[in-house]
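Visitor: Chains as they are written, first to last, in the working numbering: chain E, 1 to 95; chain A, 1 to 90.
Be a bit skeptical, because a hint or two may be false.
To be verified - Chain E stretches covered by chain A per the calculated footprint, using a threshold of three residues with CB under 8 Å from any CB of chain A:
1. 26-36
2. 51-59
3. 62-73
To be verified - Pairs of lysine-lysine, DSS-like flavour, derived with a Cα cap of 27 Å:
4. K39(A) with K22(A)
5. K48(E) with K27(E)
6. K43(A) with K48(E)
7. K22(A) with K53(E)
8. K39(A) with K48(E)
9. K53(E) with K39(A)
10. K64(E) with K22(A)
11. K43(A) with K64(E)
12. K49(E) with K64(E)
13. K27(E) with K39(A)
14. K64(E) with K53(E)
What the hints assert, rightly or not - Here are the simulated distance ranges between beta carbons:
15. L74(A) with M74(E): 31 to 39 Å
16. Q14(A) with V28(E): 14 to 22 Å
17. A35(E) with Q21(A): 34 to 42 Å
18. T21(E) with R81(A): 22 to 30 Å
19. T57(E) with Q31(A): 16 to 24 Å
20. Q21(A) with L58(E): 18 to 26 Å
21. Q36(E) with Q21(A): 16 to 24 Å
22. L58(E) with F69(A): 37 to 45 Å
Think of the hints as simulated: they come from the structure by calculation, not from any bench.
The beta-carbon is built from N, C-alpha and C at its ideal position, and this holds for glycine as well.
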Amino acid sequence: MDGFGSDFSAGAGSGKMDTGTIMEQVKVQIAVANAQELLQRMTDKCFKKCIGKPGGTLDNSEQKCIAMCMDRYMDAWNTVSRAYNSRLQRERARI
Amino acid sequence: MDSQGATADPQLQQFIEVESQKQRFQQLVHQMTEVCWEKCMEKPGPKLDSRTEVCFVNCVERFIDTNQFILNRLEQTQRGRGSFSESMSE
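With the rest of the complex left out, here is chain E (with noise of 0.2 Å):
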């Protein structure tokens, strides 16, 4: 049982920093996938709401557009975030 006991600690020695570098290297991932989603979803909209016919450029209007696009999308999605938490805080107070 000692064995085990000494065994286990000196698992869980090299394992705590194994877990910590794994938990890191997940949120990293996760930060890249939410950015990849934010951008995809981002020039989906904006595409649409600013490039009429595609021409042979991005001409200067439309790149204004998409330019001011990207700046409301980010402000919408921040509405948006806080509108969501205030209402599961309310929902949670109401529990």
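Take the given structure of chain E and dock chain A to it, following the hints.
Guide: Just chain A now, kept in the frame of chain E:
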């Protein structure tokens, strides 16, 4: 006896639960932003005016209300079928 593995690590367990919950939140924000953009955003301007902002807030609330309504009604119709197996009309 040797049940100690990575999945039994309580720190990792909690981490997974917390991150999973955060991800569910994030996913819904992504989804609602997309849906509400279609409903609320006309031409993107230099800033988000208050009317549009209110629309987004309402949209989030109504989206969640819709989800809850659907869950509740589904539960009701299930219960109905359970007690009155004859009634198929709902």
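Visitor: Check each numbered hint from earlier against the structure, then list the numbers of those it violates in ascending order.
Guide: Violated hints: 2, 5, 7, 10, 13, 17, 18, 19 and 20; rest satisfied.
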